[in-house]
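Protein chains in written order, with my numbering: chain A, 147 to 476; chain B, 58 to 381.
In short, the hints are calculated from the structure, not lab data.
Since the structure is predicted, the reported quantities are computational estimates derived from the model, not experimental observations.
All C-beta atoms in this analysis are idealised placements derived from N, C-alpha and C, irrespective of residue type, glycine included.
Worth double-checking, as some hints may not be accurate.
Said to hold, decoys possible - Okay, the calculated bits of chain B under chain A, using three or more residues with CB under 8 Å as the criterion: (1) 254-261; (2) 310-324.
Unchecked claim - Partial list, computed: chain A residues near chain B (C-beta under 10 Å): (3) L274; (4) V336; (5) Q339; (6) V366; (7) R388; (8) V407; (9) R415; (10) I416; (11) S419; (12) E424; (13) T447; (14) V451.
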Amino acid sequence: MTDALLQVEALNVDYAVGSGGLLGGGRKFLRAVSDISFEINAGETLGIVGETGCGKSSLGKAILNLVTPSGGRVLWRGRDVTKMDRKELRALRSEMQIVFQDPLSSLNPRMTVGEIVAEPLRVHAPELSAEQRNKAMIEMLERVGLRADMQNRYPNEFSGGQCQRISIARAMIVKPKLIVCDEAVSALDVSIQAQICNLLRDLQRETGVSMLFISHDLAVVRYMAQRILVMYLGNLMELSPRDELFERPRHPYSRALIGAVPEADPNLRIVDSLVALEGEIPSPLSPPSGCVFRTRCPNATPACVGSVPQREAVGPAHTLACHHWRTLYD
Amino acid sequence: MVEPVLKIRDLSVSFAAGDQQLAAVSNVSFDLNEEECLGIVGESGSGKSQTFLAALGLLARNGRATGSVLYRGQEILNAPRHELDELRGNRLGMVFQDALSGLTPTMRIGQQLAESAERHLGMSPAEARARALEMLEIVSIPDPAQRLNAYPFELSGGMRQRVMIALAMICKPDVLIADEPTTALDVTVQAQILRLLDGLKRHTKTSVVMITHDLAVVAGLCDRILIMYGGRPVELGATAEIFSGPLHPYTAGLLRSMPTLSIDPEVDLPAIPGQPPDISQLPAGCAFAERCERASDRCLREDPLLTARTNARSVACHFPLDGN
Ligand SMILES: Nc1ncnc2c1ncn2[C@@H]1O[C@H](COP(=O)(O)OP(=O)(O)O)[C@@H](O)[C@H]1O
Ligand code: SF4
Ligand code: SF4
Ligand SMILES: [Mg+2]
Numbered sequence: 147m148t149d150a151l152l153q154v155e156a157l158n159v160d161y162a163v164g165s166g167g168l169l170g171g172g173r174k175f176l177r178a179v180s181d182i183s184f185e186i187n188a189g190e191t192l193g194i195v196g197e198t199g200c201g202k203s204s205l206g207k208a209i210l211n212l213v214t215p216s217g218g219r220v221l222w223r224g225r226d227v228t229k230m231d232r233k234e235l236r237a238l239r240s241e242m243q244i245v246f247q248d249p250l251s252s253l254n255p256r257m258t259v260g261e262i263v264a265e266p267l268r269v270h271a272p273e274l275s276a277e278q279r280n281k282a283m284i285e286m287l288e289r290v291g292l293r294a295d296m297q298n299r300y301p302n303e304f305s306g307g308q309c310q311r312i313s314i315a316r317a318m319i320v321k322p323k324l325i326v327c328d329e330a331v332s333a334l335d336v337s338i339q340a341q342i343c344n345l346l347r348d349l350q351r352e353t354g355v356s357m358l359f360i361s362h363d364l365a366v367v368r369y370m371a372q373r374i375l376v377m378y379l380g381n382l383m384e385l386s387p388r389d390e391l392f393e394r395p396r397h398p399y400s401r402a403l404i405g406a407v408p409e410a411d412p413n414l415r416i417v418d419s420l421v422a423l424e425g426e427i428p429s430p431l432s433p434p435s436g437c438v439f440r441t442r443c444p445n446a447t448p449a450c451v452g453s454v455p456q457r458e459a460v461g462p463a464h465t466l467a468c469h470h471w472r473t474l475y476d
Numbered sequence: 058m059v060e061p062v063l064k065i066r067d068l069s070v071s072f073a074a075g076d077q078q079l080a081a082v083s084n085v086s087f088d089l090n091e092e093e094c095l096g097i098v099g100e101s102g103s104g105k106s107q108t109f110l111a112a113l114g115l116l117a118r119n120g121r122a123t124g125s126v127l128y129r130g131q132e133i134l135n136a137p138r139h140e141l142d143e144l145r146g147n148r149l150g151m152v153f154q155d156a157l158s159g160l161t162p163t164m165r166i167g168q169q170l171a172e173s174a175e176r177h178l179g180m181s182p183a184e185a186r187a188r189a190l191e192m193l194e195i196v197s198i199p200d201p202a203q204r205l206n207a208y209p210f211e212l213s214g215g216m217r218q219r220v221m222i223a224l225a226m227i228c229k230p231d232v233l234i235a236d237e238p239t240t241a242l243d244v245t246v247q248a249q250i251l252r253l254l255d256g257l258k259r260h261t262k263t264s265v266v267m268i269t270h271d272l273a274v275v276a277g278l279c280d281r282i283l284i285m286y287g288g289r290p291v292e293l294g295a296t297a298e299i300f301s302g303p304l305h306p307y308t309a310g311l312l313r314s315m316p317t318l319s320i321d322p323e324v325d326l327p328a329i330p331g332q333p334p335d336i337s338q339l340p341a342g343c344a345f346a347e348r349c350e351r352a353s354d355r356c357l358r359e360d361p362l363l364t365a366r367t368n369a370r371s372v373a374c375h376f377p378l379d380g381n
């Protein structure tokens, strides 16, 4: 028995994509998340990285119960979320919060900022008086770097960075145990990104909230997370403590992803330093057989076509799925 | 002294919005030299795109440009449409973030490429087709002969961006302007396109302008960079010098606040406080003053102009850093 806050076990998420036609081919499914397992401990940040369509957001939604997994389990403090009763589910919804990528469209344009931030308290802390709610809302606004006098304004009067502060205030006001940040800083200007990352880091230090930090940006994930899950086409490639991943990536895809990030160093010319994988990400509707990464993997062999690599432990808290990791990069 | 390919002086762009004039770009001056790669870096809305759209005569209807843009000594700012059309198709190529917007959706890509070669290079249809194929090979499109028959929508984002680059480069232009060409792409595909651009830069005589919000993208690619803020040029110089010793407080702040793969993730990044200015309410003085720790009264009154510090470096700041 671990004391993990959240355990995800062999999770699958499938989306139905059209029907198989008149002749009864059956419905077709797109597997967005395939056999993913990990845990999040109290107070830690787990990062999820990967490119378009790798299943990052679907995984986040499955955890939040916004899509129904087609296989596997999500355990919240040891309890299967699909078996929870109403009361437990209600508690769960306040314990897990989300911050989305698009700051403006995730805020109700007809509500004032004060109403938006106080709203979750209405639902999850009905015992509070209007006055108490208001006080908590103002404290929260100030905590995320907004001013109390902004409470009567509407979301469209705010910049992207400020809208993200509002979303964070709304998420944090119910004192959640976990926040899922899905590309929460990706749409922000460079000079605002660091502000919002720092705000999340501060809030975590103060409240001990855990984070699932989803992003396509490796440098940002490295700054935010202590452990990192690398996904490709719905599958786990590597799950590793941060420094091990960046200092010594063991999986060919992790390696490629890290090598593809341009370094802010004028002495490293692009052609000499940037590693570019061949080809592009295959359609998730017809993923490659065997290892899903094999069509782009520089180390692929016939074994990679024939069978799916199983997850193996490489070290404490470090797993990966590759047939050949033992013989690569030594 | 060789004349620069493009010489931009006091270029300003404003947009009519109701009864207001929005100053999107103010007094931008710089040269683009023969065979160089110049990076234009700034946050969204800092005026990067409008600077070049104005230079090429592509401003929206409500936009107005003043100043001067000399292409090999010839004034092209607000030049007649047919002149600009010819220049754009032939001597000044442009690639956008969204490659679909630069390609004709209803035309096969081979046809689009060949048409440009026929029109601007005076090639016969057969020659133009051969040139189109050669261009697809240069930009590393797999199965180029088959791909000539594809429509833009049949290609992935990365492939479309390659086709866009092929189209911009087919007439061996003097200048290739790439506006956030990799921003919409996945990292592994971005790496491919950056390598392609770096290769083109080395193997052709074309000068490249790389417009981006990402300092890391220009670091390994550009010889010089121009940093923009609030529609103004704030710092110009050799890439290596700007990275090792920024003169403008904004540049210094940006460099410090970037999460890169080499920072210590345990240490908090020093973020620049505040937000980029809203161009409908630009302050009287320095556009960065509200966020600048060096700001004094003078900064609130007087807008600093881009001024040469040495012959290779310029900065727009009343109290610049010492660059060490
Ligand atoms: N047609 C237009 N009407 C009014 N404002 C515009 C128009 N086009 C661009 N702008 C404004 O001009 C400013 C500079 O834009 P732009 O050059 O696109 O910035 P960047 O490329 O650096 O992101 C922005 O504030 C933008 O909103
Ligand atoms: S299993 Fe094979 S194809 Fe997959 S990552 Fe390992 S070497 Fe590459
Ligand atoms: S002019 Fe003044 S406010 Fe502007 S960047 Fe320089 S020191 Fe800062
Ligand atoms: Mg732009």
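Q.
When I compare C-beta atoms, does the region 254-261 of chain B have three or more residues closer than 8 Å to chain A?
A. n = 4 at 8 Å, threshold three: holds.
Q. Taking 10 Å as the limit, does the beta-carbon of L274 of chain A come near enough to a beta-carbon in chain B?
A. Violated: closest Cβ of chain B sits about 32 Å from L274 of chain A, beyond 10 Å.
Q. Does V451 of chain A pass the interface hint, meaning its C-beta sits closer than 10 Å to a C-beta of chain B?
A. 20 Å, violated
(Q) Does V407 of chain A hold up as a contact with chain B if the rule is Cβ-Cβ below 10 Å? (A) With Cβ-Cβ at 6 Å, under 10 Å, it holds.
Q | Restraint check, 10 Å cut-off on beta carbons, for Q339 of chain A near chain B | A | OK, holds: Q339 of chain A within 10 Å of chain B, min 7 Å.
Q.
Can you confirm whether chain A covers the region 310-324 of chain B, using C-beta to C-beta distances below 8 Å and requiring at least three such residues?
A. holds (count 11)
Q. Hint check: is the beta carbon of T447 of chain A less than 10 Å from a beta carbon of chain B?
A. 21 Å, violated
(Q) The hint names R415 of chain A as touching chain B; please verify it with the least Cβ-Cβ distance against 10 Å. (A) 5 Å, holds
Q: With a cut-off of 10 Å on the beta carbons, see whether R388 of chain A makes it to chain B.
A: Hint on R388 of chain A: holds, closest Cβ of chain B at ~7 Å, below 10 Å.
Q | Hinted contact S419 of chain A with chain B - closest CB pair below 10 Å | A | 6 Å, holds
Q: So, E424 of chain A near chain B? Judge it on the closest CB pair being under 10 Å.
A: Since chain B brings a Cβ to about 8 Å from E424 of chain A, closer than 10 Å, the hint holds.
Q.
Hint I416 of chain A vs chain B: min CB-CB distance below 10 Å?
A. For I416 of chain A, the interface hint holds, since the closest Cβ of chain B sits about 4 Å away, which is under 10 Å.
Of the numbered hints listed earlier, those contradicted by the structure are 3, 13, 14.
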